[in-house]
Amino acid sequence: MRPSQTDNTLTTSADGPDTDVLFCALLRLGDNCLILAQQIGKWCGHAPDLEEDIALANVGLDLIGQTQMWLNYAGEVEGKGRSADDLAFFRDTREFRNALLVEQRDEDYGGTIMRQFLFDLWHFNLLQHLCQSSDSGIQEIAAKAVKEVAYHADRSTDLVIRLGDGSDESHRKMQDALDSIWFCVEELHSPDRMDEAATDLGMLPDLVKIGVDFRGQLSNILAKANLTEPSDVAMRHGGKSGLHGEGLGYLLAEMQSLQRIHPGAQW
Amino acid sequence: MVGSENLPGARFSEAQIWDWLTEVPDPELPFVSVVDLGIVRSVRTTDDETQVVVTPTYSGCPATAVITLAIEQKLAEKGLQNCWVTQKISPPWTTDWISDDGRAKLKANGIAPPSGQASCAGMMAKAPVRCPRCNSANTSRMSFFGSTPCKASYRCDDCLEPFDYFKPF
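Chains G and F, in that order, give the protein sequences.
All the letters of the first sequence, read from the start, carry residue numbers 0 to 266 under numbering that gives the first Met the number 0.
All the letters of the second sequence, read from the start, carry residue numbers 0 to 168 under numbering that gives the first Met the number 0.
You can trust all of the hints, since none of them are fake.
Calculated from the model, a selection of chain G residues having no Cβ within reach of chain F, i.e. all distances over 12 angstroms:
| # | residue |
| --- | --- |
| 1 | G15 |
| 2 | E77 |
| 3 | T92 |
| 4 | S179 |
| 5 | E195 |
| 6 | L221 |
| 7 | S230 |
| 8 | D231 |
| 9 | G237 |
| 10 | E245 |
| 11 | G248 |
| 12 | Q258 |
Quick look at which bits of chain F chain G covers, simulated, 3 or more residues with Cβ under 8 angstroms:
| # | segment |
| --- | --- |
| 13 | 54–67 |
| 14 | 79–90 |
| 15 | 136–147 |
By construction, these hints were calculated from the structure, which means they are not laboratory data.
C-beta: ideal position from N, C-alpha, C; glycine also.
Use the sequences and the hints to build the structure in full.
Here's what the structure looks like:
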């Protein structure tokens, strides 16, 4: 498959490379929220118990709200008149910039919680630093989102500890979930050329530094949860530059179908 | 010239407009107004137009669009022309902006108001949460999230009633 025009390259626009870096950083922030919200939305009405059902729907709602803020801002920065909805529903798989973690399929509810926990903990660390971004738009959105994500991280940490350190069955399921998604963790805190450019401009914090804090907290929580950090796993990267697994295609097909059949349809 | 028979184009004071906004209920919590919740951030009026600035509570809260519409309708009913409601996300909304009156109304309607200051995110359960019915501090959290993103589910361990808790945010 030939990479599309936007893959892994700095597209040039009239406003210069800074705008391109900002646009790409915003797509990454927004796409992570969007894809994870779509994933957990599937539990609405089907979660194992009522409290979980409500909690996941609420977390998904927060993430959709954050997606709207990030992608609307991305559309403004791009300057081609694209709204958050245009960016969500009319881009194809290779144009999505989400990390691999959020697009992974969950085999059971343990998988849902583990994926959510890893994302929430990283997301909370990232947003705290984004509140000091050199870009005022990023700063404002992060200051709003971090308050919401603090509750997401509280909840998923609590659940991972209770389930990991729970019954034999819940422990086994959480360990299996951790083992099967671990290959996605490194991508979150490994900067690529685009991240480094954004960090140089002060838009993004240093992802390596955030990674140190995140992995430290992660190790502590996993120890409390009686879960073992996997070793010797081949780490995968690429989601944030548009190289996704096949699962994302199916997810987008479902999420985008209505807008593709009836472009511009309003609720 | 106050009341429903205001002439189109008449000029009203900002204090008068604030007063009218106390008649706009929150769609999810109809016993408190958008002013009680601290959602209305500013009102500015000139001879030509009135601008009301509101801030969303939670970024994905579906009530935000309804609130914008309800404010526009209320001010149109009062005879205001050229009224604009704009959204502003910074500084982000905090439960510290809920008025004392608003807190009392929440409690009277079975919802425990936020406990303590929300200056630090993720402060859940660090300050004691009191049962809105019997006032006992002997309560336990059932779930981090309740019927809306802004609430958590709690239970009173003395009177045994379940209740919603408005999370510090």
